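Chains S and F supply the protein sequences, listed in that same order.
Every letter in the first sequence is one number past the one before it in our numbering, and letter 91, counting from 1, is 95.
Every letter in the second sequence is one number past the one before it in our numbering, and letter 1, counting from 1, is 76.
Treat the hints loosely; a few may be bogus.
[Said to hold, decoys possible] Rough simulated footprint, nothing fancy, chain F against chain S, three-plus residues with beta-carbon under 8 Å: (1) 44–52; (2) 58–67; (3) 125–133.
Keep in mind the hints are simulated off the structure, nothing from the lab.
Bear in mind that the values here come from a model prediction, so they are computed numbers and not experimental data.
Here a beta-carbon is modelled for each residue, glycine too, at the ideal position from N, C-alpha and C.
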Amino acid sequence: MPTYTKVLAHLSQPDVADRVHALSHDGAVEFLVLSREDTLRRRLRGTTDKGTEVTIALNRDEQLSDGAVLSLDADKALIVRMSEERWLRLEPRDTDAAIEAGYFAGNLHWRVRFAPGALLIALEGPVEHYLQRIAPLTTSGKVLALQP
Amino acid sequence: MNEKTRLPGVARIGIGGPVGSGKTALVERLIPALKARNIEVAVVANDLVTREDAERIRRSGLIDPARVLAVETGACPHTAIREDPTMNILAVEKLIETFPEVEVILVESGGDNLASTFSLELVDYWLFVIDTSDGDDIPRKKGPGIVRSDILVINKVDLAPYVGANVENMVRDASQVRSGRTVILTNCKTGEGIETLVDQLAHDVLFTA
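Only chain F is shown next, with the shape it has when bound in the complex (with noise of 0.2 Å):
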């Protein structure tokens, strides 16, 4: 196997969106197609008042337990990430400190409404997740998850006929809100559209690609 040229740091991609939008089954679908390409990672989950999301990675056998920290907020999830974003920023370190082979942490939020962003201070990259199933009108209404994160996620695009969602409506939408900046259909159930989306990490943030 080719030697891999190791860069600075560790690069730290958070990833926000509503409750139920999909967040934890994009991180399960995140880890073993990360892995594939040969890139080390690790997880950060934060959730209100459980571990819930953090023990349901664990037990997922898709990563060493151990690579899996839990933060629990406590109080309104966009605090943790963006005004005091401390205990992330802790946790993002034990992590590295413990496995510093380490190549790229995912931090993802609790879920929170469409206002939540990341503070760049603990990312370097952010997604949002949203679903068809929110409704079809969510792009446009420019919350600030959707207006400025560096990819738009619209999930569970398999859902879309039973809720009556048009999707070329919410990527025609959401590109118009976001300046045409990147959206990418997925369904976290079958995989869909995992591997674009691991593509356009790459590019913009592992530099892989």
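Chain S on its own, in the form it takes in the complex (with noise of 0.2 Å):
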């Protein structure tokens, strides 16, 4: 099995983009999909999308990022994808209820975003543990969450 042990270079690199484009069209080109949080790691197993399994080893000054290129040459590449993340959206009814939600997602340390009147929490799991952690707020109505 294949151990890859450095990032080599990046799609957002133009001459890169073309090579790996060209090798698309011959099939031979393989991308490994990840979570957010997995692109933290130096170390992991994975599977790509056509079944092969990898491990990646990188020094700590490197960092897998979406379109790293892991491996390139006349025949295949292989290229790092993120997955889209999944937030959870929080639409608080009144100033109370969201001062209380925002204390709610800070006690748990859910990574938030702010959007026009509502708290959005990055899933980082299923949906169903966090709507369980906060159905005090949604059953007394005092905030409505919308899925993704």
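Mind docking these for me? Both chains are given alone in their own frames, and the hints should help you get the complex.
Here's what the structure looks like:
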């Protein structure tokens, strides 16, 4: 099984993108789809979209990212793709509910984003786990939770 | 002896879990088990206001005491492994600089609650240790440590009959809340389950299997 030990290039480099595009016509590009969390690891094992099992071992000064090129030669390429993040949208009914929702999210160490009138929670596990935790807010009508 | 292929970097493995679940005992089992596989080990041990765990491992005779560094968090232990792991990152880097032959560093967190998780800026992979005497409903409580760790270790399986814990139910509940991710049973007093755990580490993060 191949172990990839360097990020060789990035798809944002035009010459690299051209080479990968050319290989894609021959079906010679494999993608390793990782969650945002997994791109933070320097050691991991995964399976590409074509079913190839791979391992990755990087030095600490290198990091995986969407478009990172792990392999690129005349015959094939391996590219990292970051899976799309899912966000749970919480819409509080008033200021008091917003304060409560903010406290709750902070206390649970959830990663958040702000949107007009809403608090967005990054889903790093099954949405049911999050909905169970905020059930007191949603069942009381203080907060409306909209799933992605 | 065959020359080993050295991978870039050092594998960093976090070990978290509540106070008294057996994290230090697990470290004391992992050190010889890894060494037996010709894997060079070092340890960072976190404590709240003492250096108790690091001193215990240094005195164990299992490892060169210089390969064990203590981090005294002084406050919530999870802060030093998640929100701001700077102290631990520095300790890990010091060990790598001092012992370039080291291949894996075990970072034992200070005892915390079920909400404790590791920053992946600090470690590549992490275990969460609970024990049967905490109560067999612990997995159902879905703490982030239980749900999100790479391996959940249920320790002290030998105590289950004495505390009325049903280990089968613990494994079933843990597998359910972890969507089938690995759960390993251990008894760190006897070494039961340790080889299974090291096999899993070798496969998932050390790449020696």
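So, going through the hints one by one against the coordinates:
As drawn, the region 44–52 of chain S meets chain F at 6 residues by the rule of a beta-carbon pair under 8 Å; at three or more, the given contact holds. Given as covered by chain F, the region 58–67 of chain S passes the check, having 5 residues with a CB less than 8 Å from a CB of that chain where 3 are the minimum. Counting residues of the region 125–133 of chain S whose beta carbon lies closer than 8 Å to any beta carbon of chain F gives 4, which meets the minimum of three for the stated coverage.
In the structure shown, no violation is registered for any of the earlier numbered hints.
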